[in-house]
Structure formats: structure tokens, C-alpha cells
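**Student:** Sequence:
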Amino acid sequence: MENEIVNWLSEQGISSVNIMQILFSLMTSILFIQSGLDKVFNWQGERDFYKSHFKDTILNGSVTFLMPVITLSELASGFLSGIGLLVLLFTGNTEVALLGMLMACLSIIQLFLGQRVAKDYAGAAVLVSYFLMAAAGVYFYL
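Take the sequence shown: its letters are residues 7 to 148, numbered as in the working numbering.
Worth flagging that the hints you see were computed from the coordinates, not collected in a lab.
Every residue, glycine too, gets a C-beta built ideally from N, C-alpha and C.
Don't take each hint at face value.
[Said to hold, decoys possible] Have a look at the derived ranges for each label pair, beta carbon to beta carbon:
| hint | residue 1 | residue 2 | range |
| --- | --- | --- | --- |
| 1 | L72 | Y127 | 12 to 22 Å |
| 2 | S58 | L92 | 32 to 42 Å |
| 3 | S58 | W14 | 48 to 58 Å |
| 4 | S21 | I89 | 17 to 27 Å |
| 5 | D126 | N48 | 12 to 22 Å |
| 6 | D126 | F71 | 15 to 25 Å |
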């Protein structure tokens with residue numbers, strides 16, 4: 007039995023790889039734009055949380071410096087993924103979207119390092135699934 011949807015997509019020039027690229031970029035853009043904007047619009051609350059979270063670690067006192075770094079990293083990941091998705095859809099070019107996926111991997115590694123330093127192992131474990139998603143996104147863009 008033939009799959010009508012696959013046949014139709016193929017007729018439109020859309021491959022299974024294209025579908026995966028679209029889904030990974032969409033997920034990554036939503037994840038990181040929301041997370042980055044949440045930090046921007048709730049700066050004081052986020053800063054207070056991170057100061058408390060890292061108060062007994064080597065990162066104590068560095069939250070004021072590191073919070074803008076992770077916020078910009080997350081926003082770059084999200085916007086590069088979103089813009090890359092649009093570029094992919096309209097031109098077929100994958101470079102911007104690949105850059106978004108790579109930035110997403112780096113952002114998650116930053117977050118993972120922070121969770122491990124804070125000895126929040128449950129929080130670090132949650133990030134593994136996000137990293138695997140971003141790394142799979144990189145794979146589909148290579």
C-alpha cells in the first residue's frame with residue numbers, strides 16, 4: 007500500500023530530511039526564544055533564582071556576568087533557528103538553520119555545566135533530552 011502523504015510531499019519536492027529539519031528548527035526556535043525572552047522580561051526574578059542556585063558554588067558572584075551570556079546565547083539559538091527555518095523554506099539554504107542548531111547545542115552545554123556545578127543533577131538530567139534533540143537537528147542539517 008502506498009503512502010499518499012509521502013507521495014504528495016515527494017511531488018512537492020519535500021523529503022523526509024526536509025520534514026525533520028523543519029521540525030527540529032521549529033522546536034528549537036520556540037524553546038530558546040521563549041526561554042531567552044522569559045529571562046529578559048523577568049530579569050530580577052531570574053537573577054535572584056540564579057544567585058540562590060549558585061550561592062554555594064564556584065559560580066557564586068558571577069551570575070551578574072553569566073546571566074546575560076546565557077540569555078544572549080539562548081536568544082541567538084532561537085532566532086537563528088527561526089530565521090534559518092524561514093531561509094530553508096524560501097530558498098532551500100540550510101546554513102543559518104545549522105548555525106542555530108549548533109548554537110542550541112552550545113547553549114544547552116552551558117546550562118548543563120551550570121546545573122552540574124550547582125549539583126542539581128535532576129536538572130542536568132532533564133537537559134540531556136534537549137541536547138539530544140539539538141544534536142539530532144545538527145545531524146539532519148549536515
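**Student:** Give a verdict on every hint.
**Tutor:** Taking the hints in turn, this is what the structure says about them:
| no. | hint | result |
| --- | --- | --- |
| 1 | L72 x Y127: 12 to 22 Å | holds, 20 Å |
| 2 | S58 x L92: 32 to 42 Å | holds, 39 Å |
| 3 | S58 x W14: 48 to 58 Å | holds, 53 Å |
| 4 | S21 x I89: 17 to 27 Å | holds, 22 Å |
| 5 | D126 x N48: 12 to 22 Å | holds, 19 Å |
| 6 | D126 x F71: 15 to 25 Å | holds, 20 Å |
Taken one by one, the earlier hints all hold for this structure without exception.
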